[in-house]
Amino acid sequence: MAFDIIEILTRSEKPRQKGLTMVLDKGMGLYQAEDLMEAAPYIDIIKLGWGTPRLFSEQLIRKKVALYKKNDIYVGNGGTFFEIAYTQKKTNAFFAYARDIGFNLLEISNGVIPLSASDKAEVIRHAKKMGFLVISEVGKKEPVEDRKLTVQERIAEAQSDLKAGAGHVIIEAREGGKSLGIYDEAGGVREDIANSLAQEIGLEKIMFEAPEKNQQAYLIVHFGADVNLGNIRPDEVIPLETLRRGIRGDTFGRL
Amino acid sequence: MAFDIIEILTRSEKPRQKGLTMVLDKGMGLYQAEDLMEAAPYIDIIKLGWGTPRLFSEQLIRKKVALYKKNDIYVGNGGTFFEIAYTQKKTNAFFAYARDIGFNLLEISNGVIPLSASDKAEVIRHAKKMGFLVISEVGKKEPVEDRKLTVQERIAEAQSDLKAGAGHVIIEAREGGKSLGIYDEAGGVREDIANSLAQEIGLEKIMFEAPEKNQQAYLIVHFGADVNLGNIRPDEVIPLETLRRGIRGDTFGRL
Amino acid sequence: MAFDIIEILTRSEKPRQKGLTMVLDKGMGLYQAEDLMEAAPYIDIIKLGWGTPRLFSEQLIRKKVALYKKNDIYVGNGGTFFEIAYTQKKTNAFFAYARDIGFNLLEISNGVIPLSASDKAEVIRHAKKMGFLVISEVGKKEPVEDRKLTVQERIAEAQSDLKAGAGHVIIEAREGGKSLGIYDEAGGVREDIANSLAQEIGLEKIMFEAPEKNQQAYLIVHFGADVNLGNIRPDEVIPLETLRRGIRGDTFGRL
Chain S
0 MAFDIIEILT RSEKPRQKGL TMVLDKGMGL YQAEDLMEAA PYIDIIKLGW
50 GTPRLFSEQL IRKKVALYKK NDIYVGNGGT FFEIAYTQKK TNAFFAYARD
100 IGFNLLEISN GVIPLSASDK AEVIRHAKKM GFLVISEVGK KEPVEDRKLT
150 VQERIAEAQS DLKAGAGHVI IEAREGGKSL GIYDEAGGVR EDIANSLAQE
200 IGLEKIMFEA PEKNQQAYLI VHFGADVNLG NIRPDEVIPL ETLRRGIRGD
250 TFGRL
Chain U
0 MAFDIIEILT RSEKPRQKGL TMVLDKGMGL YQAEDLMEAA PYIDIIKLGW
50 GTPRLFSEQL IRKKVALYKK NDIYVGNGGT FFEIAYTQKK TNAFFAYARD
100 IGFNLLEISN GVIPLSASDK AEVIRHAKKM GFLVISEVGK KEPVEDRKLT
150 VQERIAEAQS DLKAGAGHVI IEAREGGKSL GIYDEAGGVR EDIANSLAQE
200 IGLEKIMFEA PEKNQQAYLI VHFGADVNLG NIRPDEVIPL ETLRRGIRGD
250 TFGRL
Chain P
0 MAFDIIEILT RSEKPRQKGL TMVLDKGMGL YQAEDLMEAA PYIDIIKLGW
50 GTPRLFSEQL IRKKVALYKK NDIYVGNGGT FFEIAYTQKK TNAFFAYARD
100 IGFNLLEISN GVIPLSASDK AEVIRHAKKM GFLVISEVGK KEPVEDRKLT
150 VQERIAEAQS DLKAGAGHVI IEAREGGKSL GIYDEAGGVR EDIANSLAQE
200 IGLEKIMFEA PEKNQQAYLI VHFGADVNLG NIRPDEVIPL ETLRRGIRGD
250 TFGRL
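Residue numbers (numbering that gives the first Met the number 0), protein chains in the order written: chain S, 0 to 254; chain U, 0 to 254; chain P, 0 to 254.
Check before you lean on any hint, since a few could be wrong.
It does not matter which identical chain is used: a pair holds within one copy or between any two.
Calculated pairs, SDA-like style, for lysine to any residue (alpha carbon to alpha carbon, straight line, at most 25 Å) [claimed, not checked]:
| # | residue 1 | residue 2 |
| --- | --- | --- |
| 1 | LYS212 | ARG232 |
| 2 | LYS68 | GLU144 |
| 3 | LYS17 | PRO113 |
| 4 | LYS62 | GLY187 |
| 5 | LYS88 | THR250 |
| 6 | LYS147 | ALA224 |
| 7 | LYS177 | SER56 |
| 8 | LYS89 | ASN70 |
| 9 | LYS128 | GLY252 |
| 10 | LYS17 | GLY187 |
If you're looking for bench data, these hints aren't it; they were derived computationally from the structure.
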C-alpha cells in the first residue's frame, strides 16, 4: 500500500462479520462502478437502491452485479423494491429473478407497507432458505410514521428478524439521514436511542444508515471503528474508511 | 429490462411532448457523459450550463454534443450564455456557432440582463426560424430581483414567449433551488404560485427547475408523473425517474 | 476553444503565481481523474486529502500523481497526513516517500496537533530544502479550538511560515466550510477577518479554502478573479472558473 511507513489502526478485514460498510448505488454507470472497485477492500455490501435496477437493461445490471461480486462484495436490493414486489404479490418471482441475475443478498423491510413482524419473519426465513444473505430493516420512511415506533418496538422487531435468520438489522435513515431512527431533525445522533438499540440488539448485528460524515464520525468515536454503517455514498467510501482507521482529522488521535 | 416482472407506472416515452427531464451538465468529462447515457431513455434535454462550454476545446464539446444527440437527447445552452452573447451584441454569431457545433436547442432568458418581453419575443422568433427548438426562461437569478416579479407578470411573459415560438417555458430556480420562482427560502414549493402558473400557462408548456428531491417528489405527486422538470443533476436522473414511475418510497403507492 | 466568439475575462494563466485553484481529491478513481484532466488548465494544485492515499495501492497513487503532473499540476498531501507522520516521529521518512512517489508539493499544518510556530517553521525549511513547493496551513480543524485563535495570531503564524519558505498559506475551512477561519456558522464570509488577513499577509500569498459556491463568488467579487481558492470539489472546477471569468450569473457584469 502507498505510504505504508505510516501506521494506521487495524480493524476487521474482509470477509467481515462486523465493521461492515454498505454502499448505496442509485444508478451508477460502469465507469463509475469500475472506479469504485479501487475501494473494494473497504466495501462489504452494495445495495442497488429502491427501484433503480428496474430502469436499466438486464445486461447492464448483470454486468454490475458480476463486477461487484468479483470484488468480493455482496450485492442485493434495497428494501423498497422488495416491498413493491410484495405489494404486487410477486415475492417468489422477485426472489427467483434476484437469484438468477446474481444477487446474493436480499433486504427485507416494511418502511412503506404494513407488514407484521410475523409475516416479515416468514419472508426472511423464505429468503434465507433460498441461500441469500438476508438483511432486514427496521423503521418507517415517513418521519411522522417513524416517530410512532417506540424504541422497544424497534428492538422487538429486530430481535424477531434476527431470530428468523437475518444476518444484520438496518436502522432506517434513508439517503437523507434526518428525522428518522437515531437521528434528529438536524441529522444529529440521538445517543440514548442508539445506545439502547446497540445494547439490546447487539452492536455487531445492527447496521446504522449514516449518510453524513458527522454521523459516521460520531458513531465511530462512540461505538468504535467496527460499527456497521450503511447508505454510504460511493465517493464517501474512502473518506469513511479514513475515519475508521484514524487518519482523518475527526478521528485522528481519538480512537 | 431488468426485473421486468415488477410492474411500474407507464408514462410518456421519447420523443416526449410532456414529462420532460432536462439535465444540467456543468462541465462533465467524457467518461461521466458516457455513463450518463445508460440513462438516456429518461433524458430529453441536456443543457450545457451557463458559460461552461466556453472553457473547453471545441473538439470536446463537439464530441459531447454528438454523443448526446446520438442518444436522442436535445442539446443546448443555458440562458446565461445567451445573455452574455446578447450583451456583447453577438446574438447572430452565437446562434450560428451553436448551430455549427451541433446544438439543436437554444434557451433564451433575461435572468440577469434587462430584456423586454417584446425584444425577447423577437429573439425567440429568430432562433425558431433558424430551426432550433427554443426554450425560454422566466425569472431573475437574484432573489431580491426575482421577488419583484408578480405572478401575473410571469404569466404574461411566458405567454408572450410561447406565442413567439418557444416550445416550453422554464421557471427559474438555478442550481440551488431556493428563494426563486415557486420555491421559498428553504426550497419548499409555494403551491399557490405553482398552481397559478400551471393553470394560466398550461402544465405541458411549463418546465419547473427542481434540483432537489423533495421538490421533484412534491411536483410529481401534485401535478402527476408527466410534469416537466429541469436542472436535474446527472446522478439524479435515475432517482428522479423512479419517483415518476412510483418505485421509490416518496411516490410508491401515491401516484 | 469552443464559442471563442464570446469574450471572457482574462486572468493569470498557468504556471500561476496568483489566482490558484487547489482541488481536493478524496479518493477518486482513474476514470474520474482522467475526466478531471479536461479541466487541467484551471487547476494548479491537487491535494490528496488527509490519509486517503494510505488506503490505495502504491501503483494506483503513482499513476494518479503521474497523470496530474503530466498536466502541469502540483500534487501533494493534505496537512493532516503530515501531522500523523509527525506524531509518529516519521517526518523524514514521510518526506522521502512523498518525493519518491512523485509529490512535488507538501502541505504543513497544525490543525490537530500542537506544533509551535518555530517548530513548524523548521519543518517548512526542511521540506523546502528537499525541493518541494511548500504550502502551510493556519487554523484548527475543531471549531471551538479554531475560535481561540485571534486574527493577530493567525497573521503572525502565516508570516512566520512564509518567512520559513512557504509559497502560500492556506486559511483552514475543511471540506465543509463552516464555523472555521473566515466563515461563520452558516458558511458566510466574515469580511472583516478576510480583509485583515489579506492586508497583513498579502492577497497573493493567501489561499482561502472555499468549498461552497457562495463563498467562491463572494471572494471573487470582493478580492478579484485572481484570489487563490482551495478545497474545490472536482466537479466544481469548471463552475469556479466560470465565476472567475465572469460567465456565470453570480459574477457576470460584476467583475
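Do the hints match the structure? See the list:
1. LYS212 - ARG232: Cα proximity of LYS212 and ARG232: in one copy and across copies (10 Å, 16 Å).
2. LYS68 - GLU144: Answer is neither; intra-copy 36 Å and inter-copy 45 Å both fail.
3. LYS17 - PRO113: neither (30 Å within a copy, 34 Å between copies)
4. LYS62 - GLY187: Neither. Shortest intra-copy (38 Å) and inter-copy (39 Å) distances fail the 25 Å Cα cut-off.
5. LYS88 - THR250: between (47 Å within a copy, 19 Å between copies)
6. LYS147 - ALA224: neither (31 Å within a copy, 30 Å between copies)
7. LYS177 - SER56: Intra 33 Å, inter 36 Å, cutoff 25 Å: neither.
8. LYS89 - ASN70: neither (30 Å within a copy, 33 Å between copies)
9. LYS128 - GLY252: neither (45 Å within a copy, 30 Å between copies)
10. LYS17 - GLY187: Within. Shortest intra-copy distance 23 Å satisfies the 25 Å Cα cut-off; inter-copy 40 Å does not.
This entry does not satisfy hints 2, 3, 4, 6, 7, 8, 9, going by the numbered hints stated previously.
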